[in-house]
Amino acid sequence: MQSVNKKVLKNSSLVLIVVLLLLAPLYISNYLLYLVGVILIMAIVAQGLNTMIGWGAIFSFGQPGFMAFGAYFGAIISRLFPMLPFPVILILTAVASALIGFVIGFPCLRLRGFFLAMATYGFSSALFVLINFFNNLTGGNEGMYVAPPTFGPMVLSSIESIFIMIVIIGVLTQFFVSNISKSRTGHAWRSIRDGEIAAASLGINIAREKLKLFTFGSCLGGVGGVLYAYLIGYLQADFFSIMGLSFFLILVVGGIGTVWGPLLGSVIMMLIPQVFGGLFNQSMNLVYGAILLIFVLIAPNGLLGMFGSLITNVKSRGKA
Amino acid sequence: MKNSMNSILTLQDISISFGGIKAVNQLSLDVRNQEIFAIIGPNGAGKTTAFNIISGLYRAQAGSVLFSGTDITNLLPHQIAHLGMGRTFQNLELFTLMSVEDNLMAARHMHTKTNFWNELIRNKKVKDEEEQNRKKVHEILSFLNLGEVANKKVTDLGFPIQKRVELGRALALEPKLLLLDEPAAGLNFVETAELSELIKSIRGDLGITVLLIEHDMSMVMSISDRIIVLDYGKEICLGVPEEIQNDARVVEAYLGKRDSHA
Amino acid sequence: MILELLIDGLAVGSIYALVSMGLVLVFQATGTLNFAHGDIMMISTFVAYALLVQLGLPFIVAIPVALCFAAVVAMLSERLVVRRLVGGSGPAIIMGTLGISYILQGIASGVWSDDIFAFPKIFKGNFIMLGDIRLVPQNIGVVVSTIVIIVVLHLFLTKTKIGTGLRALTQNRVAASLMGVRVTRMYTLAWAIGGLLAAIAGVLLAPTLFLSTGMSEITFTAIMCAIIGGFGKIYGAVIGGYLVGIFSSILPVYIPTELQAIVPFILLMIVLFLKPTGLLGKKTIKKV
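Protein chains in written order, with this note's numbering: chain A, 1 to 320; chain B, 321 to 582; chain C, 583 to 870.
Accuracy of the hints is not assured; some may be wrong.
[To be verified] As a list, the in silico BS3-like pairs of lysine-lysine whose alpha-carbon atoms are at most 25 Å apart: (1) B:K447 to A:K212; (2) A:K182 to B:K445; (3) A:K6 to B:K473; (4) A:K10 to B:K496; (5) B:K472 to A:K182; (6) A:K182 to B:K455; (7) A:K212 to A:K182; (8) A:K7 to B:K444; (9) A:K7 to B:K445; (10) B:K444 to A:K212; (11) B:K447 to A:K7; (12) B:K455 to A:K6; (13) B:K444 to B:K473; (14) A:K7 to B:K472; (15) B:K456 to A:K10; (16) B:K473 to A:K182; (17) B:K473 to B:K456; (18) B:K433 to A:K182; (19) B:K447 to A:K182; (20) A:K10 to B:K520; (21) A:K182 to A:K7; (22) B:K433 to A:K6; (23) A:K6 to A:K182; (24) B:K496 to B:K520; (25) A:K7 to B:K473; (26) A:K182 to B:K554; (27) A:K10 to B:K447; (28) A:K6 to B:K472; (29) B:K447 to A:K6; (30) A:K212 to B:K496; (31) B:K342 to A:K7; (32) B:K444 to A:K10; (33) B:K472 to A:K212; (34) B:K444 to A:K182.
[Stated by the list, open to error] Label pairs and their calculated CB-CB ranges: (35) C:G796 to A:L84: 33 to 43 Å; (36) C:D714 to A:I197: 57 to 67 Å; (37) B:I341 to A:I294: 44 to 54 Å; (38) C:I848 to B:G340: 18 to 28 Å; (39) B:Q354 to A:I197: 19 to 29 Å; (40) C:T839 to A:F175: 40 to 50 Å.
In short, the hints are calculated from the structure, not lab data.
All values derive from a computational prediction rather than experimental measurement.
For each residue, glycine too, the CB sits at the ideal point set by N, CA and C.
Bound-form chain A, shown alone:
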């Protein structure tokens, strides 16, 4: 009975948050909309990396690359085919990013640990070089403007409409990931993280599941990228190449391998520059590095992990 009540409470508070977010354009400023939009996008991309690292032990430096790919792919096809409505562009980008993830993952996932990390890093950095190289398509170093999303005759150039789109995709991402985590595939992915040999002995096709996972994570990276392109309206490869550490920080702070960690981590990581920016303007890296170290050393399961263990401790004490 109690657990049913808890579930109802949890679900209704989630619905409330989603409604508040969807109505946000009515009561917050455009600057805040932009900020919350970026937080949600970072959470979507980080969620992709979260599933890779937290479930499959696939340590990837590739996520900024997949995000950049999604952003440029979406921007380029919406310029080449201006009549395409934004849901189509979104789906095309998701499919293309997944495909790139598949193509990159297929050879790279034969490698493991540090080797895999370096191969994915190589993919990212090679992509940034290529973006600047094909400057007739991407604007190269000068960057490119992104045409506002359209839907039939409507041009959704206002930040409000783009924001709502981001909220919808963000909610879908959380929904999908939380579903997968409970399912057969989620169990398979986590068992690969904890022991590949044992997982194989249970009939789990490691190579296939890892590729599936990598493709899924890349797809989220790409989707986050195209949303980012729409939100800021202008692209440069450097935007993405400097994101290297951000996603790791988000995950470590929020809690690797948890469904809600990436969102929590994104919120906190976006607030940090607002808090410390004035104090450390030249040396923000120092702040980020210190936060990363503190969490890795003291709270490796992140904030959610910390709360989680606090709650279970209190519970077991209550029983005793």
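Given chain A, work out where chains B and C should sit, using these hints.
Leaving out everything else, chains B and C in the frame of chain A:
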């Protein structure tokens, strides 16, 4: 000599060597349906290596392995698992960050038919199947007396319990053949006696053929139908427990050259 | 022309070789890939710069002080961070050294800013003409110093008691400790040597490339060199370093310069798909 209709696993002259050392040397054996079959021998006799060949972790350099009528010599571990073979490991290979229940749920992988797209939206089909799997998992947990620790993290449990969880995970596969690599190692006298009963009931009640590697001689002698003794990767002798106990070659293999584990 | 580029490539390759060797030494001893390796190099080169240019001290004082600084930073990283994470999850170690990397970056940006600085030349003088080939003293100096350092390191690892202890450790941790090797002390030593090698590479590289906080990006190229050579093999790192150095110097003649940056990556991919363990690497089997 061999009754292939009645045998579930057949090794024919399998050999493997690592760096010039023959770990398994022209080994042949035949495990019959619903039998408890033990592999014994001194340390380094090639027992675990043979297990790893059977379950597909290593590929035999010569010879072939037949499992319920299929040639599995060149199959991968997960393909062999799909044919109905479960195993445990000498040094526990549990999923340490997961709960006991989730460890067993992971083993329901091949008995779950839903696809990725259904799982994304978590439709009724997915939920129903998950419910069935959970029921099966809890059946196995209570069969192993693990019902109380279902939601505990594996790392919070003692070693003997962890060993039973690993056994449970292999059973959740609903295998036809169960490979147990030193199931009694690290268990005390009482726990070993419980394990003996458990293995008998796995065969008797669940109808699963058991192939085990074990150093605990009293247990091996009391539960096994047949025993093979290996040394230097080769068969020394094969027979029912009484024959093994009275065979001079076995005594020599154990006492003549190396320390005994019996 | 090609020969001159080849010598350029040898000079660049020497730097990569030095940085990769340090990385591999640390990896062998503690099983950790040090993502802060390039940052240790960068910040100690800045220290050398501060002593040489800002304080006007001679090379003979500035360089040893900078090298000691690098060794100390490396040892502190090992003691304070890495030692607590070894044996835990792989991601935790990667993130731990990434954390050190960003802290060093932040400190350097805070103290010296992200501008570009000209670093005084160690090997001065005019071109030396060898037939038609024009030799730059800096390049020759870099190559010769690197070879000397490789030889010294080789002698240290094979001929001295501490060196053999270190090698024993890299082959079998348990056996080494049974043989009386003070394992934790060796960990620290490996990191100190790694730091030294990085700092040497830094002061050799800075005169040709300029000095900036961005210098630390060499970590990733050096890791690729080490993997190409077969990770875990010190001499593999040397081979990988020179291969990458030579290819990145010669290939831009045939491909657009903008694409030069991806040469190490392409090389890495080719080697890994031909031989997933790298050129000198061996296959390992996990026991169960």
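_Tell me the numbers of any earlier hints that the structure contravenes, in ascending order._
As far as the earlier hints go, 4, 13, 15, 20, 22, 26, 30, 31, 33, 38 are violated by this structure, in ascending order.
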